[in-house]
Structures are given as structure tokens and as C-alpha cells.
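*Asks:* Those sequence lines, one after another, are chains G and R. Heads up: the first sequence begins at 1 in UniProt numbering, then just goes up one per residue. Heads up: the second sequence begins at 1 in UniProt numbering, then just goes up one per residue.
There's no promise every hint is true.
It does not matter which identical chain is meant; a pair holds if it fits inside one copy or across any two.
Stated by the list, open to error - Calculated cross-link-like contacts (lysine to aspartate or glutamate; reagent style EDC-like; alpha-carbon spacing at most 16 Å): (1) LYS307 with ASP177; (2) LYS278 with GLU211; (3) LYS175 with ASP67; (4) LYS278 with ASP206; (5) LYS175 with ASP152; (6) LYS278 with ASP303; (7) LYS307 with GLU466; (8) LYS175 with GLU118; (9) LYS307 with ASP439; (10) LYS278 with ASP213; (11) LYS307 with GLU246; (12) LYS307 with ASP275.
Simulated from the structure, these hints should not be mistaken for lab results.
Residues per chain, in single letters:
Protein chains: 2
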Amino acid sequence: MTERWGVFEARFAGPEDATFEATFTHGDRTVRVPGFPDGDGTHVVRFSPDVEGEWAYVTTSGAAELDGCTGGFRAVPPSPGNHGPVSVAGTYHFAYADGTPFRPVGTTVYNWVHQPEERYRETLEAVADGGFTKLRFLVFPQGGNHVGHVPDAFPFAKDGEEWDVSRIDVAFFRKIDRAVRDLLEAGVQADVILFHPYDSGQFGLDGLTAEQDAAYLRHLVARLSAYRNVWWSLANEYDILSRPEERWDEVFRTLQETDPHGRLRSIHNWIRLYDHNKPWVTHVSLQNGSAVAEFGRALLYRDAYRKPIVLDEIKYEGDTAERWGNLSARELVHRFWIATVSGTYASHGESYLVDGGTLSVVAGGPFRGQSPPRLEFLRRILEEVGGAGLDPIDKWDDPTYTAGIPRQIYLQYLGLDAPQAWTFRLPQGVRGERLQVGDRFAVDVIDTWNMTVETVDREFTLTSVERNTATADAEPVALPAGEALALRIRRIDVDPG
Amino acid sequence: MTERWGVFEARFAGPEDATFEATFTHGDRTVRVPGFPDGDGTHVVRFSPDVEGEWAYVTTSGAAELDGCTGGFRAVPPSPGNHGPVSVAGTYHFAYADGTPFRPVGTTVYNWVHQPEERYRETLEAVADGGFTKLRFLVFPQGGNHVGHVPDAFPFAKDGEEWDVSRIDVAFFRKIDRAVRDLLEAGVQADVILFHPYDSGQFGLDGLTAEQDAAYLRHLVARLSAYRNVWWSLANEYDILSRPEERWDEVFRTLQETDPHGRLRSIHNWIRLYDHNKPWVTHVSLQNGSAVAEFGRALLYRDAYRKPIVLDEIKYEGDTAERWGNLSARELVHRFWIATVSGTYASHGESYLVDGGTLSVVAGGPFRGQSPPRLEFLRRILEEVGGAGLDPIDKWDDPTYTAGIPRQIYLQYLGLDAPQAWTFRLPQGVRGERLQVGDRFAVDVIDTWNMTVETVDREFTLTSVERNTATADAEPVALPAGEALALRIRRIDVDPG
């Protein structure tokens with residue numbers, strides 16, 4: 001018995017070097033699922049059923065012991081808290097399989113899995129307690145600068161000086177398994193980074209051939225993809241790895257072909273953007289801090305790609321000398337709010353020096369910065385929005401930079417201005433339901449830094465709807481002192497549905 | 001005898017409804033060139049040789065009179081001023097076939113060709129005298145609002161209420177021919193807009209079927225593509241025409257297959273951007289005024305598309321009520337300079353009411369606004385830059401928004417600030433030649449509105465080059481009063497080549 005979107009696992013004995021797959025059937029449906037070796041002659045298949053009912057399987061293999069094995073299980077309703085995997089919803093947003101909106105407010109600890117046990121646990125707790133909904137981390141350990149700890153396990157055995165990808169180190173991959181499961185338990189999406197350029201000649205894992213990539217991918221996909229919180233991030237700063245772009249296309253295609261669960265796929269850049277319009281990219285993962293340093297930028301990526309935009313690196317809160325690592329907490333929170341009203345999402349990371357030279361974005365540990373509680377506050381605001389998510393209403397011509405769901409709910413972020421008062425005004429836009437004279441709204445004043453929400457004690461009724469703008473004939477709303485305020489404008493004369 | 005990149009034309013008699021093509025050969029090369037009917041049983045083939053020497057041709061047709069006709073010509077060196085067709089150079093820029101850089105500073109008169117003769121002439125003179133290097137105009141006449149003149153010719157004959165695209169109106173297409181030739185003579189690129197949504201039910205030319213599109217395209221390509229100044233713009237505001245995106249893909253593919261000269265291809269949007277990463281798009285033609293209303297926006301399109309970015313509609317200088325038609329001249333010129341330091345290009349248009357209701361961007365006529373001389377001034381500045389063109393040097397992290405060619409020449413635009421002084425500072429960036437201590441520069445102060453260039457009467461020698469920034473230990477440069485100043489920073493200790 002396995003719950004829907006849970007993990008069914010079967011184990012078989014067979015020759016060390018055998019390969020096998022299992023075909024799962026449910027009524028007319030069949031799903032081919034790759035198996036993987038898990039050490040000591042044990043082979044494993046993991047499968048996540050997406051519908052309830054009876055599933056049966058049969059294995060196929062060139063090795064007789066692994067061929068023709070049959071079995072089955074019943075998929076039962078999901079337990080509370082299991083909303084299924086996340087996929088793209090409403091073009092620019094995400095939702096769980098059961099329809100619950102998913103709002104990415106992620107963080108990043110690159111070398112998390114490769115830390116000593118106590119540090120690993122501290123990070124997991126920090127991420128979970130911090131309320132982050134996604135964590136980016138590397139499969140291959142990081143080497144070189146900013147790395148203080150050499151891990152005790154590596155993915156492959158060595159053949160002289162060369163990695164032999166056919167000889168998997170099970171201890172290494174079980175650490176990755178555990179990390180994904182620990183995040184699943186904590187309700188956090190695992191943004192698994194498959195390749196990275198931060199090796200500095202220390203381990204040589206940035207120098208695999210295309211064939212070695214494919215063998216590694218087959219193993220990792222077979223091992224992890226049944227976990228419903230897995231997202232595939234092909235690389236961090238892919239363009240620092242000097243590989244032709246076709247090779248990344250090939251990795252995407254291999255993932256598409258071998259992943260029976262079709263988990264989300266993205267790739268993250270240094271200065272050269274991958275063509276995210278390619279069909280195998282499910283959402284756009286970007287590094288570009290400047291895109292959310294000012295209004296009016298990040299939303300251009302939405303137009304270019306028509307996919308969810310996740311700004312996975314917008315520079316880090318921290319105190320390091322590099323310009324990517326010394327944002328103030330206020331600036332980072334400000335950028336998240338700009339991302340929000342741009343109809344995009346952002347990720348957090350901390351760049352404080354720890355352990356005498358390592359960075360917290362590499363090694364993890366408890367958060368030191370001031371932004372996490374403010375980002376959790378933002379996440380709660382986002383989760384209170386029903387529907388797919390917030391889209392810019394009048395994307396290129398709105399001086400109020402309002403995102404929302406037309407005629408339902410809106411967020412206006414006032415940014416670094418600190419106005420004394422706010423006059424009710426909504427953009428009309430050209431998509432979705434049209435604002436009408438007589439529509440009634442409540443207004444909440446949000447202090448994004450002090451994490452307060454105060455509802456204005458009067459209603460606002462639209463008295464004028466022109467081509468681009470709707471206004472209410474009402475006194476301005478007095479605003480509290482301080483910058484980084486936002487307005488939430490909620491329709492109240494209808495059931496928001 | 002035809003000059004290289006000129007037009008060779010041959011005419012043949014044959015049945016009205018025949019089709020034919022000619023195969024041109026030069027040594028080992030063969031080029032298949034479609035012919036077109038030109039009325040009264042005359043069929044024409046036009047071909048532009050891209051290499052000098054002897055060319056021969058032979059025709060093929062199902063009609064005996066048009067089959068197996070042979071001939072030839074000698075292609076001689078181009079005359080002065082003939083630099084060949086424009087194509088993409090340096091990823092983000094353009095150059096003529098002889099290597100001369102081409103700097104797009106375009107304008108727009110949609111319904112130009114369909115005006116009375118005197119107005120047609122006035123517009124041509126205004127564009128040429130204004131120094132614009134590209135003109136966007138419609139093939140099909142515009143109907144509905146803002147249109148005061150019903151043209152005297154239409155592209156096809158009518159079969160009852162329906163257009164019969166197989167019956168070309170030669171008088172109509174000869175007007176298009178003439179427009180392209182007139183622009184060629186004036187040294188202006190013809191950005192020919194093949195389809196548009198501004199019909200308002202008046203002519204019905206926005207309702208052709210895919211098959212009718214293809215027949216029209218074959219005729220237009222055969223007729224026009226030999227002119228070296230032709231650019232194909234598939235549509236203005238393509239997404240207002242309610243056609244599936246695949247249909248636009250098909251138009252692009254038809255152009256690719258039928259155009260023997262491979263002229264530039266783009267498509268222009270209303271609010272939904274086409275996927276400009278598709279291989280048949282040669283350069284990105286965009287409508288989005290906000291992209292150049294502030295710094296730091298337009299350059300994001302470069303990353304997304306890795307093609308030249310031409311912002312063909314950034315709102316118009318004018319006095320109309322619509323928000324797309326009432327920019328001040330200062331604002332429009334400002335936006336062109338933002339486009340410039342963003343490593344992109346922009347187009348001009350005027351939206352003044354003329355002829356009792358028509359707009360000048362539709363009907364043309366002499367320019368009424370103040371921006372054209374400032375744009376000609378900008379064009380001269382751009383033409384003084386050698387090399388492919390100006391690229392942002394440190395694209396996401398440069399508070400000076402400097403574009404240039406590393407270690408050679410730079411433009412910094414100070415925008416709407418009006419600082420009293422400027423301190424020498426250059427970004428280093430991560431691409432191209434590295435700035436070195438000791439590099440020597442001259443600085444020109446440019447007043448973009450008053451159209452003056454004043455060279456600072458001292459040299460600047462780099463005394464410090466850090467990771468991201470190079471500075472000279474020198475007194476600040478006093479700046480003249482006024483906003484919209486720019487600095488041109490020229491390396492002087494080497495031959496710029």
C-alpha cells in the first residue's frame with residue numbers, strides 16, 4: 001500500500017553490473033521506470049503513483065534474475081499534507097497536483113549535503129523553520145575557494161586518476177536520497193543541481209564526458225525522481241562550464257526521456273542565458289540581481305519566455321567583499337517584493353563568512369541574517385492569494401507596478417519611497433475581468449519589513465473606470481512612517497471563489 | 001551589366017496564369033529565383049548578384065513560352081554608395097555586406113504608400129532629409145480610425161465579396177516596388193510590413209487564409225527581394241490578428257524557402273511577444289516603450305534572444321490622447337539614448353493629428369516634431385563608432401550604464417540627471433580586452449538635445465584598475481548646465497583600427 005504521490009519501492013537481487021527497468025500498469029496506462037543498483041547486488045525500482053487504485057509491475061532485464069519479476073501495490077488516498085508534486089500552473093506560476101498553489105520562496109545552500117552531520121542538521125532545521133519552500137543544493141561536492149570541508153564520500157569509484165561512473169558509490173547517493181527525503185518531510189522542494197563549475201581542479205567532477213553525464217543521470221533519475229519534491233536544476237552557472245550548448249540540450253533530453261515522473265526542469269546561468277524557450281525547460285531559473293533591483297525589469301523575462309520566472313540568484317544577504325555577496329537584509333527583502341509585483345519569484349541565500357573562510361551559502365548552518373522572517377512573512381502573504389498567482393496587470397505602463405488577479409486581488413509595492421498617504425488607484429490592464437464602477441474593495445497596508453498588516457477601516461467603491469485606470473472617490477489613506485510599504489487591495493462585493 | 005548587389009531584371013511573355021522560376025549560375029553556385037506576373041502577359045524575374053563576374057540563367061515553367069529561356073549578365077563592382085544588403089553583425093548589431101556598419105535609426109509611416117502622390121513625396125523627402133536609415137511601412141492599406149484616405153489600388157481583384165489572391169493588381173504592387181526603389185535611392189532600409197490588424201472591417205485584408213497568405217508572399221518575395229534594402233517585417237502587432245502562432249511560423253518558413261536573397265526577417269508585437277529565439281527570426285523587432293523609459297531594462301532582451309534588439313515602437317512623439325502617442329521630443333530622444341547605452345536600437349514615429357483626424361504616423365508628411373534632428377545627431381555619433389557596435393560593458397552591475405567596445409570606445413549617458421561634474425570612471429566587464437593602468441583616453445562631452453560635442457582639453461590616464469572599475473586620478477570634468485548629457489570616452493594611445 002502506497003499513498004498517491006508517495007514512493008513505492010521494490011528491491012531485487014541481481015548481478016552488480018546489470019541494468020533493469022520495471023513497467024508499471026494501471027488499467028490502460030503503462031509507465032516504464034528505470035531501476036538502479038543500490039550496492040551488494042541489490043537493485044531497486046522506485047515509482048510514485050499519480051492515481052489511486054491497483055498498480056502492477058513486471059521487470060525486464062538482460063540479467064535473468066532481474067527479468068520477469070512481478071508484483072503490485074494499491075495506491076491509496078494521500079495523507080494530509082501530501083499535495084502531490086509541483087508543476088507549472090497559469091503559465092507563470094506553480095501548483096501542487098491537488099490544485100493547491102505553490103509559492104516558491106526558496107533559499108540556497110550549495111554544499112549542504114557534503115557537510116558534517118551536525119551542520120547538515122542545522123541547515124535542514126534552519127530552512128524548515130525559516131519557512132522556505134524550496135532549497136537549491138549541489139549533488140557533486142563543491143571544491144576550491146569558500147569550501148572548508150572535504151566530504152567523506154564521492155559519487156563514483158576511481159579508476160586510477162579517472163572517475164569510473166559505472167561504479168557508483170552507494171554511500172554517496174544515499175546521502176542525496178536522505179537529503180531529498182528530509183526536505184520532503186519538512187515540506188520543502190528539493191531543487192537538485194546536477195552539475196556545477198565550482199570544482200577548482202580539486203575533485204575533477206566538472207570534467208565528465210557526455211557519456212559519463214548520461215550514466216550519472218540515469219542513476220540519479222532512477223534513484224530520486226519518485227520523490228514528489230524533486231526539481232531538476234541542470235547546473236548552477238552552466239555557462240562557466242565550458243561545454244557546447246548542445247550538450248545541455250542533450251542533458252535536458254536525457255532527463256525528459258528517462259524521468260518517468262516528469263519532474264520540473266531548469267538551468268541556471270552566470271552571464272549567458274540558456275534559451276529557456278526550448279520545449280524541455282519547464283520554468284526559467286535565472287541569476288540576475290539587477291532584474292529586481294528596480295521596478296520594470298524582471299517582468300520582461302515573462303514576455304520573453306512565457307514560463308514561470310524564478311530568480312534563483314539575486315545576490316545574497318551578507319558581508320563579503322564580492323558585490324554578489326553583500327546585500328543588506330532590507331535590500332534583499334525589497335528585491336523579493338519587486339519580484340512579487342513583477343509576477344516573478346526569487347530565491348534567498350546568505351553570504352556571511354563562517355568557519356574561518358567558508359560562506360554560509362556554501363556550508364549552511366543557522367541563518368545569521370535579518371531577511372528570513374521577512375521572507376516567511378511574504379510567503380504567507382503570497383499563500384493568502386487564491387488562484388494561480390499574481391500577474392502584472394498593465395505590464396508596461398503602470399506607474400504603480402501592480403500585480404494581481406484582475407477584479408479580485410491586487411498587490412502594490414511602494415518600494416523605497418515613503419509616502420505619507422496613498423490614493424486609491426488600480427490599473428485596468430487588457431486581460432481578464434474588467435473593473436466596473438461600483439466594485440468594492442478593502443485595503444490592507446502591509447509593512448514588509450516590520451511584518452504588519454493593517455486593514456484600512458473603510459471600504460473603497462470604484463467611482464470612475466477609464467481606459468487604463470480605476471479610481472475611487474475617497475480620501476487618501478494615511479500611511480505609517482517608513483519605506484517598503486505595500487498595499488493589498490481585495491474585492492469584497494463578491495465571493496472570491 | 002548589373003552592379004554587385006544591384007538588380008538584374010528579365011521580362012518574358014507568357015500565359016497570364018503561368019508560374020516560372022529562373023536558375024542563376026555563377027561558377028559552381030546556383031540560385032533558384034521565383035518569377036512573378038507583371039500584367040498583360042508579362043512575367044518578370046529579378047535577381048541581385050552577390051558576387052561579381054558572369055552570371056547565366058535558365059527558366060523553368062509548366063508553360064512552354066516561359067520554359068528554357070536563357071540569358072546572362074556580367075556583375076560589375078558596386079558603384080559608390082552601394083554597400084550591399086544589411087545583415088546581422090557581432091550578434092547584436094548590423095552591417096552592410098561590404099563591412100560598413102549599419103546603425104538603425106528608423107522611423108515609421110504605416111500607410112505611406114497609400115497616400116496621394118504629393119503626400120507620398122513629402123514623406124519620402126522628410127525621411128531622407130531627416131537622416132533616418134530605416135522606414136517601417138505597410139504593404140496592405142490601413143483602414144478604420146486615423147485613416148483619412150482610401151487608396152486607389154488594392155493588391156488583388158475581388159471575386160464577389162472575396163479577395164482573389166490569384167489575380168494580382170499590378171498597379172498596386174508597382175506602388176510597393178516604387179516605394180522600395182525610392183527608399184533605396186535615398187539610402188533608407190525598407191522595413192516592409194507584410195500583414196497588419198488595422199483593417200477595422202473596411203477592406204478585409206486582415207482575413208486571408210493561410211493559403212492566400214502563401215500566394216501573396218510568393219508574389220511579394222519574387223517582386224521585392226532583389227532590392228538590397230528590403231527587410232521583411234511579418235506584421236505590426238501580430239498578436240492582434242487572431243491567428244495561431246503556428247501560422248506565423250509558417251509565414252517565416254515560407255519566406256526562408258522562397259526568398260533567394262535571404263533578407264532580414266522579424267515580427268512586431270502588441271502585448272504577446274513571439275518567440276524570437278526561433279531560428280528564422282534574424283533580429284528582434286519589439287513594441288515596448290517602457291523598456292527604454294528607464295535604464296537597465298532593454299538590455300535584458302539581448303540576453304534572452306542573443307540577436308539584435310530593435311525597439312520599433314517605443315511610443316511616439318506627439319500630442320494625441322492615447323498614451324502611446326504623446327511623448328515629448330525630449331522624452332523620445334532620451335529613450336533613444338537609453339536604447340543606445342543598452343546595446344539596442346530604437347525607431348521613431350510621430351503621432352500628431354493631421355488632415356483633420358489622421359495621424360502623422362499613419363499618413364506621413366513633413367515632420368512636425370523636435371526629435372528628428374536630435375536623432376540624426378545620435379545617428380552620426382553611432383556612425384563614428386568603428387566595429388560591430390556598442391555593447392553594455394558590465395551589463396547587470398554598472399551604475400554608469402556604459403556601452404562600448406572594450407578598451408576602445410565608450411558612451412555613458414547621464415540621462416535626466418544634470419550633474420555639475422563628472423568623474424572619470426569606466427566599468428571593466430568580463431568580456432573582451434581588459435583595461436590596463438596607463439591606458440590613455442580623450443573625453444567628449446555630448447549634449448544630446450543641443451547637439452553639441454565638446455572635447456575636454458586634457459587626457460585621462462588610468463591610474464587604478466580594480467576588478468570591476470577603472471579610474472583615472474584626475475580632477476572631475478565640469479559639465480555644462482542641462483540634462484541629457486552623455487560622455488564619449490575614446491582610447492588615444494593606440495590606433496583604434
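*Asks:* Hint compliance check: list the failing hint numbers for this structure, sorted ascending.
*Replies:* Hints 1, 2, 3, 4, 7, 9, 10, 11 not satisfied by this model.
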